[in-house]
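*Asks:* Each chain, letter by letter, is given below.
There are 4 protein chains.
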Amino acid sequence: MIGGGKGAFIGAVHRHAAALDGLYELVAGAFSSNPETSRASGQLLGLSADRVYGSYQELIEREQQLPENERVQVLSIVTPNHLHFAPTKLALENGFHVILDKPMTFSLAEAKELQAVLAASNARFCLTHTYTGYPMVKEARQLVASGALGAVRKVYVEYPQGWLSTFEEGSDNKQASWRTDPSRSGIAGAMGDIGTHAFNLLEYVSGLAVTQLCADINTVVAGRQLDDDGAVLLRLSSGASGVLVATQVAAGEENNIRVRVYGEKGGLEWQQVDANTLQVKWLDKPTEIRRTGTGYVSSFAQHNTRTPSGHPEGYLEAFANLYRNFALTLQAEQAGQKPVPEALDFPGIEEGVRGMAFIENVIASGRSTQKWTEFIV
Amino acid sequence: MIGGGKGAFIGAVHRHAAALDGLYELVAGAFSSNPETSRASGQLLGLSADRVYGSYQELIEREQQLPENERVQVLSIVTPNHLHFAPTKLALENGFHVILDKPMTFSLAEAKELQAVLAASNARFCLTHTYTGYPMVKEARQLVASGALGAVRKVYVEYPQGWLSTFEEGSDNKQASWRTDPSRSGIAGAMGDIGTHAFNLLEYVSGLAVTQLCADINTVVAGRQLDDDGAVLLRLSSGASGVLVATQVAAGEENNIRVRVYGEKGGLEWQQVDANTLQVKWLDKPTEIRRTGTGYVSSFAQHNTRTPSGHPEGYLEAFANLYRNFALTLQAEQAGQKPVPEALDFPGIEEGVRGMAFIENVIASGRSTQKWTEFIV
Amino acid sequence: MIGGGKGAFIGAVHRHAAALDGLYELVAGAFSSNPETSRASGQLLGLSADRVYGSYQELIEREQQLPENERVQVLSIVTPNHLHFAPTKLALENGFHVILDKPMTFSLAEAKELQAVLAASNARFCLTHTYTGYPMVKEARQLVASGALGAVRKVYVEYPQGWLSTFEEGSDNKQASWRTDPSRSGIAGAMGDIGTHAFNLLEYVSGLAVTQLCADINTVVAGRQLDDDGAVLLRLSSGASGVLVATQVAAGEENNIRVRVYGEKGGLEWQQVDANTLQVKWLDKPTEIRRTGTGYVSSFAQHNTRTPSGHPEGYLEAFANLYRNFALTLQAEQAGQKPVPEALDFPGIEEGVRGMAFIENVIASGRSTQKWTEFIV
Amino acid sequence: MIGGGKGAFIGAVHRHAAALDGLYELVAGAFSSNPETSRASGQLLGLSADRVYGSYQELIEREQQLPENERVQVLSIVTPNHLHFAPTKLALENGFHVILDKPMTFSLAEAKELQAVLAASNARFCLTHTYTGYPMVKEARQLVASGALGAVRKVYVEYPQGWLSTFEEGSDNKQASWRTDPSRSGIAGAMGDIGTHAFNLLEYVSGLAVTQLCADINTVVAGRQLDDDGAVLLRLSSGASGVLVATQVAAGEENNIRVRVYGEKGGLEWQQVDANTLQVKWLDKPTEIRRTGTGYVSSFAQHNTRTPSGHPEGYLEAFANLYRNFALTLQAEQAGQKPVPEALDFPGIEEGVRGMAFIENVIASGRSTQKWTEFIV
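Protein chains in written order, with full-length UniProt numbering: chain A, 1 to 377; chain B, 1 to 377; chain C, 1 to 377; chain D, 1 to 377.
Isolated chain A (complex conformation) (with noise of 0.2 angstroms):
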């Protein structure tokens, strides 16, 4: 693991994620640029000492040095946007796989030219878009793929935060205080952190491409560097339409993030706060509720599913989902064999560009008096 010291958020989240299946073993890690600090957090997780490093630049030297079957794998890397290219570009160059923390640069430049090592390198690649893990968006994806809805029509995408509400980063809040500096976060804010979350949910449950769009982007709280909140009118691949909410200044509101998707003959609604459910909902028939856990699910669903139907799952198995579909991936093919459509079923590096292009995009859109402005990647 390269990042999520002590007092990080997502890094613990990273590490759950890995446990739950077992299929993961933390060894090693270079957990602080700070020396001091990367080797206490590799103490309190009770790594060996001489896999603790002092950055990732020595871990990917050491670990390389090391026998095949004792070298780290792969590497999570869950630092601050800004120091995502770096050590993935690395990681990848040495032949180490990489699950890394979303957006995936720190620009698009930064996206692409990774998109280029990845291809050149026999590693694999995962980026953690968390809800695509849940089990009743890959039953929304399917439902949508499999045509019974009809052509898609419009589709609604929010992620309302309430967080950032107050200026946060003007205390002691970490992270608050990464977020909103334009130099560890990128040009974006709201956009970067909960924006490239909602678009990646909407093209992949929707199957569809944004192609052209036209935001409303806004800093709400004063003295802020960043956007905290947008809203963006879409337009996708077929002809469909929609919308794209997210806003850290909804006061009140925790991470309810939610999709829903409209097609001619019925649509669909997800989200967090019900994330076992999937809302099916038909022009002549009565509403469907879709179950985690149930037998009537897709084989996507029911594969991404650890619990019998009434026990939830929640955000950290999502999580995990990518983890463990990524190490059946590299098993499989480890093995020679081919991995199931199921396991392959995590993000990688096209979402990665893809968000980076919705960041720069949706950034420039919100500046600019143009209405309408194509999507370019």
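It should be emphasised that the hints constitute simulated quantities derived from the structure, not laboratory data. Since the structure is predicted, the reported quantities are computational estimates derived from the model, not experimental observations. One or more hints might be untrue.
Identical chains blur together in the list; that is why a pair holds if it fits in one copy or across any two.
[As the list claims (entries may be wrong)] Taking lysine-lysine pairs in the DSSO-like style, the calculated list, with each CA pair at most 27 angstroms apart, reads:
| # | residue 1 | residue 2 |
| --- | --- | --- |
| 1 | Lys89 | Lys174 |
| 2 | Lys285 | Lys265 |
| 3 | Lys338 | Lys6 |
| 4 | Lys6 | Lys89 |
Given the coordinates of chain A, assemble chains B, C and D onto it according to the supplied hints.
*Replies:* Coordinates of chains B, C and D only, in the frame set by chain A:
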């Protein structure tokens, strides 16, 4: 009553709403432009034959000739949009109070003319924006007005329907046929029919006025003459921003109009599907569930409630609240008293003018390549 | 109307319910045993003074003398329980149709006598078990009757209220005072007031009859004279079993009456808080959400609906459905026609007798040390 | 781990739960009474072959011989009920800490013997009553204990399942077959499998003890050997009363265990389907929605939470909380410290004994013609 003959939907709703509290008695009507249909409808409704007229002109003329204590006092006008202006104008000019279905007129110009006519008359006017009649919508407005949420930052309103997902106007669907016909509905379809409700609800609850907008207006179903779908970015007085969605092609959706308002300290959410609940969310404490019929809600909510908490009030009760408040206002004024503020809280000519302005502005914005356009009344 | 003077809760509900569809006109009343109060109430309601009477006897006698086309046709009797029997008996004996509030009488013996009186009369009788008037309760009954769920195995019904959590009868609460007074309410408090509703709902939806019961009946609030809480184990015809809960001391609960029925293949759930939804659950497929106002529900549900799906119908509409069906039945019979089955589906004397039997049986069981006792009518 | 070989459900759950926080490492196991199956299971789980044993006796004997810093410290025992007692007893007697699946033993007598064995040992013991591991269940208990609701008056708990609606044990369903077999499950079916969970949840949240009960115990599915359904009237210490429902024939239900507790001033409701929400209802003010991961909940809720509010935690996290608290307790004690109260809050031998007493008392009451029977431990 003018309009609302056999087969009409909204006419029956008005009659239920008027009847519920025993404050109105239906005594006369011109229920259709077809005298036969009018007569038949009047008979079905148990009216005396001599009070059923062949046209609104006849109704107004003949009722005018009756002694004051016999003649109609209030006229409910429930015709399609293109037939709102003329009978309303004539009624007001002749001193009849008017309850008119929305949108107020066929065009903004007509709306403004009606405003002038009303100002010059002694009559009172009510426009049936139903949703503002719900007790918990009243509570929402009072909560925002109280300042408890702090300054408003974000408003979201949506009105998703699915019933026009197919080319209903091609079949024998009277409701679909006039609503999608520019000669009867005006320049807008969905935006006029339900967008105006969403717009009104947003301004009512937030206490803010839309100042700029950027609209994506679509006609999704092939062959349809008017818009059946749209999404609008909004800027509001006070610097808040928002999103309005109105669509009639969200297959499987009923009429779940929903509004959310977020201020500095908290937010609120109300939706018709759970009409007797107002969610109030706070930055630092538990969400509150406020309910119709309880002792702790505002006088505006209590005034508009008929049953103890837990016995749900619905759409007809909300509609009836408009009728009831209008009647209470008239009764007070007839008695030479000042109506209580709770009775005066019904939509009127101002809301009608702004609604027509919304229609014209939103359709213009939809056609414009300019991003933001001013909201002009 | 007999009873329902100023300050009465249920009298106003009956008047709203009667008014909603324009099928009834309130023309006469004896609104209170106090002639002054009766007169004042009648005046408030806009009745002609000569049709406001000082007692029910006077009302029945004097109305009887009016020409048939002028006199009252249907009497709504909305007095406290101890004043149900006498006016109902007199009304029926004089050929007036009666709509009576529940529970039907003060004792089972009175109920049976009324049954005989009705059988010997030409009058019709309706008992206002409100909840069976909800469209989705109709749908539930039809679904069970259709056999789609298979043989019924389990039934659960509950009616939790919290309003009697404190000694309300010690204050100036008219509703609390008669309901907790054995001389006016009868031998049961909660079991009579809401237990009978729960019992009726259970038998109505399941289509089964309770045959044995085992009750835990409590008086929780100190000083109270009647039960305010209870739970009952049930055995039903066909071998099904169940649980009935009714309590007035569930602090914080409103009136969320709820019924669940499970058969061999699936189950259903309805609750008043979400009155326009019927959940239908299946062993092997997704739960269905059936909704008021849709095209796919049974004719019984559709018949009892006034607004399109998504526009919620509430308690008053459910209540009004009883009035409306009673009126449709009377109209059909007066026209020499057979009422449609949907119109005939209102609670009557049978339900009243069983309700009184429930009260006597459940209180007896509560006092018994015997586990199971027979349900004796 | 003892038990939990291939095809077992709960064994996998225990492994996920143990793995989630990285506080346990699976190093040894006797996964099946069939040595072949045990070996194969161990291999699948990546264990070293010499730590996979053919029986629990062998495991305990051989691990005992390993150096203290190499041997197993905690034994998870996840066998069917009839195989709980012997391995647990042996493990405790040999100083291994034990995490045992519920119900604790095959009989109350065994439970009491285990209690004595534990008291005489230096080992610690945890019983996996999963639901008490949920953060919002912790919050519920703390709320009641705080006295904010006043004295408890009513408790309702229910655990409806539908999966045994048909004669599953007649097919190749391993889960169904041992649970319905008296020789492996004990004298109770549903009451042992899920009734004990409901009973434990009720006593945990309310802080009260059941003192008397009156049970209706049924075997609904033809051919089944044990109860698959039941409802129980309860009397509790402090004079409160309640109802417990547990059924496996509520066709269409998943595992929606739910508890409601009402005191003098308010009530609370928690259900697994919405596990991260605790509803707190008040006599005179709005219902509160308390949520996992927020800053305002008790230290017990916060201690058992891994993700920010809005990112749902589920069943595995609740389960993992038992494992984590047990580990934190052991770690503290090994370090010579007193565990924090939050860590000590896991179910143990007392809960196990009461659970077995519940089984024996409830089955006896079901067979009795006496109404109320004492709850005897």
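*Asks:* Which constraints among the numbered hints does this structure fail? Numbers only, ascending.
*Replies:* none
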